[in-house]
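Novice: What follows is the residue order along each chain.
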Amino acid sequence: MKRKSKQKKQQGNLFPCSLEDVKTALSQSMNDNPDFYAKFIDISDQQRIGFYYISSITDDKVLYNQIVSTLMEAKKYLDYKSIDNMIPLPEPTKEKKVDKIDDHLLQGAVCIYIENETSCVNYFIPRQEKRPPEAPETESLIFGPQVAFTGSIETNVNIVRNMVDSKQLKIEKFLVGEKIPTEVQMVYLDDLANDDVINEFRNRLTGLEVEDILNSSTLSQKIEDNPYSIFPQLLVTELPDRFTYSLKEGKIGVLVDNSHTSIIGPITFTSFFESTEDLYSRWTIGAFIRLMRIMAMVLSISMTPLYVAALTYHYEVIPEALLLALGESRSRVPFPPLFETLLLETLMEFIREAGARLPTKVGQTMGIVGGIVVGQAVVQAGFTSNILIILVALSALASFTTPSYLMGSALRIVRFSIILISGVFGFVGFFFAMAFILIHLLRLRSLELPYTAPFYPFQYKDLDESLIRLPYVLDRNRAKSNLPKKVGRNASRSQHPIFRTSKKDIDE
Amino acid sequence: MKHKIKSILLILLTTLLLAGCAEERILEELGIITAYGLDINENGDGLLGSIATYQFSQQRTNENQLIFSTGRTAREVYSNADSKTAKQLVNGQLRAGLFGQELARRGIMPYVDGLMRNPLISDSVYITVTDLPAYDVINATDFEEAPNIGTYIYRLLEHAIVNENVVQSTMHEFVKNFMKVGADPVVPLLTKENDKIIIRGIGLFQDDRLVETVDIFDTFFYRLILDEYERAESRFTFPADDYETDLNNYGQGENNDQLSVSVHQIRSNTDIKLADASDFSFDVDITFEGRITEITLNLDLSDPEILKKLEEDIKEQLEDKVNEILAKTKELNVDPFGIGALYNTHFKKDEQLSATEMRENYPDFQFNVNADVKIMRYGITE
Amino acid sequence: MKHTVNIPDQLKFRAAYLFFVLYTIMVGVGFVPYPRDVYEVAGQDSWLIVILAGILVHLVMMIIIFCLKSYGNTDLHGILQQTFGRWIGKLIGYLFIIYFFLVYVTILMKYTEFIRTFIFPSIAEWVVAALCSFLVVYCIYGGIRAIIGTSFIFYLLTFWLNFLFFEPATLMDFNNFQPMFDIDSKGVIQGIQITAYTLLGIEVIWMLYPYVHNQKRTMLYSQLGILGVILSLLSGVVISIGYFAPNQLIEQIWPILTIYKIISFPFFERFDIFVVSFWKFIILPNLIFYAWLITRSLKRVNNIKQKHSIWVVVVLSSTFIMFFKSREAINQFVEISAEIGIYFVYVFPFLILPFAIYRRIRGANK
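Chains as they are written, first to last, in the numbering used here: chain A, 1 to 508; chain B, 1 to 382; chain C, 1 to 366.
None of these hints come from the bench; they were simulated from the model.
Where a beta carbon is used, it is the ideal one built from N, C-alpha and C, also for glycine.
Any given hint could turn out to be false.
What the hints assert, rightly or not - Derived CB-CB ranges, DEER-like: (1) C/I63 x A/L291: 41 to 47 angstroms; (2) B/F217 x A/L463: 57 to 63 angstroms; (3) B/E312 x A/L322: 49 to 55 angstroms; (4) B/T85 x C/Y141: 48 to 54 angstroms.
Said to hold, decoys possible - Coverage of chain B stretches by chain C, computed from C-beta distances (three or more under 8 angstroms per stretch; other residues unrestricted): (5) 122-135; (6) 138-149; (7) 229-238; (8) 342-352.
Same shape as in the complex, but just chain A (with noise of 0.2 angstroms):
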């Protein structure tokens, strides 16, 4: 009890101590790492100065050329004032307690400590390997700019700000993370996001309690409205353009160290299926493919459950034309159409799994095995349909036409449960299901805003920021269910050519 309140005092109020003591009582609560290094010089009689770091996470040529030897060189009395004089370095922190000296190192700090003296002075050093930024892997563009973020806090921010040359452009800094801590920045443009918005999702990050987290997925997951939904309520993307236009949106970005990719909030069932390329492209492509993407979705989740409802209790519904092909290739089949289904899907689900864990060039040929070689002898075999090898592709595929590889893999899950409650109730399954899927989103919340944002609450001016794409000029106003500070863009069409012309007449 003694000794426990005697070692509190000495953490708590070490200085002034000598070198040595220092050394001890940082090595002692860095748990003896060998890349703890501490390093002692004289700079006269009296006075003797020491240096303290991690060397793994110090940048050593600058705390040689930059500290160290200025320090060596000085040969006069030094003070903090005078060692902050002739460091080029921004301002150092002071500290006094041995537990904050541990949490400055620990970021790649270095403790410089005058004998004697009440208070040491860090300076933050950290050796990042910075990495350029490369083209972006899982959300890949045709048309756009082919940058992704990187691993490097920094260098997303260096991004950020580079792509928005904005005063306005506010930066929040946290550490998120009790035992370790992950920097952790809010991004938000302060005359458009909503501060209602901004305070809870500052709130969700402050008032995190955990561990650690390993990078922004888990924890866009940790502060997600609905932790048990099988959907998504924060958008994490890797794409810079897509972050910084969300922001220009109203939005709210948030980067994590160490973390490829972004976090962007509230937002949307609907986001799920924008991509930044729908904005590059002329507005008829934009808006065609998104509507696609729609219907791709709706098409994936809804067409293998069809089949099996309509073949195990629903062939009253089944075209005169297409009665003969389904039963001629289901005539072979031994299994239930549901089981033939689920087979099939989890087939396709093995292939796309084994692809994507195996490296690329293996996992090209395993796709090609997989989907050929595979799919035939299913067929020949007489596993399963031909049809049926049709459908489950076509949702497969349409499964994949979502930007988000989140939100496709979701609906591919979502699809399982489907196929399996249609394989019992038929069409009132497949219903039912359709029906608990709109009430969960319904009840669904991103950042404690409507998640079917603009259908309902129904905002008609805000389809063209989710279901459709109108050209640049009609587009005039922000998606007015993020509830951004500003709807209107500032933007005068008056000096459009088509508009200056508008009262004239033809050929006049």
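Place chains B and C on chain A using the hints.
Specialist: Then chains B and C, alone, in the frame of chain A:
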């Protein structure tokens, strides 16, 4: 609490899935009936059913499976048939019901009613009667590229109805006309020729009893009164003598004493109006437009006189034919055109004629037929 | 119990949603057999009856909203207790709850009968009840926002069924409407009564009124909602009369579904099978609203948590429908609850009206 609820829901859902539905009807395990025929059996005391079903096989050789069975009622026929096949017979895809002439003359409503009551059977099933016993007709082995005799009948009738060759004959139409006071059903008449089913004309019903069959040529005029034409085709024949003065003969054929004209793209409309309720007299106004496609004698159609004469002749023949048909319906006491129902719409409920009164009065109906014929164009040569 | 109801701002909804609320609660199982029921008493002039009954419903709705407005920010139970005192108010409140429950059970029963007739002849009642209850509970747990949302989204998803009447409309025989205006006063009264049964559901406004954001527009949108329902009903009746022969219509149990029987698409034959399954989307808002009315009323009257009472509703209703197996029993039950409904929906507002007028006058004098 929340977890408790969730687990309760989960258990509920699982039991639901396990309970499931027993009534699976998996496609390939079904004998899907596409058409069925009913006849009176040899002893005359029951029914003979001929049921055409799908039989699925990978070889695509023979998808047509016929099952014959007997029974006192249609339901018994059906259940007897079920014991003659390993598949579960279902009638949700039924396309056509064929009734043998002998049976149809006794009345078919008990069987149609059975179909009507079954929620699984579509209302657009075609009701037809057959010239030969339905058994013979359904036995036809040539059904073009259709996979099944039922499908073939369906396609045959659909084609004929779209082309306005026969009257609309869905079950809904049949029951509607049967139920209506002052209207009788009309259905297509099928027969077998060269081992292939063809349409031979129509059958006129009195209530649910077949009383008369009409051949395909006269069917045109029945349908003319019954419904509008938009694209039909017909032929008219006159004695050639009338046109002698302006004849430029083609060759010296043998049929030169007859002039036949084919008219196509006929657009027509028949308007029946009650003229005088006291003596049941009706005005039947027919407007008739068409184009000449074929003519057996070389007439100068650019001559307005000749065209006019042609129109006059067609009009006369049309009126004669319609009068003849109406007289025939009076004689048979069937009302395929729903004229009785039309009569009733002019009276309040208590003054309307009942079904039996209608039957009594129908032979007294008077018709004043008046046609308005117009020949529009006559091809690309004059 | 507090007389005035203060709803937090974020739970309120725009008055425009009342259109969808009223449409989805009024259109339900009653629609399908309606053309026959009304034809039996009113014959070819049934369309006239729909219009007359529609005017009546509009009028009643006007009175209800007038009452709500004069009582200020309160709902049915607040009005009852302010008008009749605590105990009688509570008693009438309970009667309303029983009525809501009866309607809930009726809907469930009818839907079960549907499924059994058209799709699964031997499915157990409790399975259908469970399939419905699950969704009802899930939606009620989502709160008022999810409930209104469900009604709105399901309206959008089911509205297109109206367009499918186009094909049957081409097969109509307009002679079936002749002779017009051949109806006596008895037929008119009976017909209006039958129509009134079908148009139950406007009572939801009694409870929803405090939740409306811009209460000034309540009148406009609820009347529009009723108009929408009347138009749908009218089209259903007109097409049924034209499509069926007079005697044939009387034999149909579910004329509207029979009409759907002739619709088929190249990729989907037999549309009636689809419609019966799809009918879930139509009855679900019905069930949800009535379940909400029951639980919300219980909360207002007795302060019972909605979270708990919804389970009671679900379990009770599921056991209830097990007792009614034959079509006759079901019909009888439906008839009784519809007759009770007349009093609760159409007579009750007239009872409150004088009090409301008195309140207005007193308020004006002050």
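Novice: Please go over all the hints and tell whether each is borne out by the structure.
Specialist: Against the structure, the hints:
Range check, C/I63 to A/L291: about 46 angstroms between beta-carbon atoms, so the 41 to 47 angstroms window is met. Separation of B/F217 from A/L463 is about 60 angstroms and conforms to the stated range, judged on CB atoms against 57 to 63 angstroms. Distance hint for B/E312 and A/L322: a CB-CB separation of about 53 angstroms, consistent with the stated range 49 to 55 angstroms. Hint check: B/T85 to C/Y141, Cβ distance near 51 angstroms, so the stated range 48 to 54 angstroms holds.
A stretch counts as covered by a chain when three or more of its residues have a beta carbon under 8 angstroms from one of that chain; for the segment 122-135 of chain B and chain C the count is 3, and the coverage holds. Judged by the Cβ-Cβ criterion of 8 angstroms, the segment 138-149 of chain B is not covered by chain C as claimed, because only 0 of its residues qualify and three are needed. Three residues within the 8 angstroms Cβ limit are the bar, and the segment 229-238 of chain B against chain C gives 0, so the coverage statement is violated. A count of 6 residues in the segment 342-352 of chain B with a Cβ less than 8 angstroms from any Cβ of chain C is obtained; the coverage claim is therefore met, three being the minimum.
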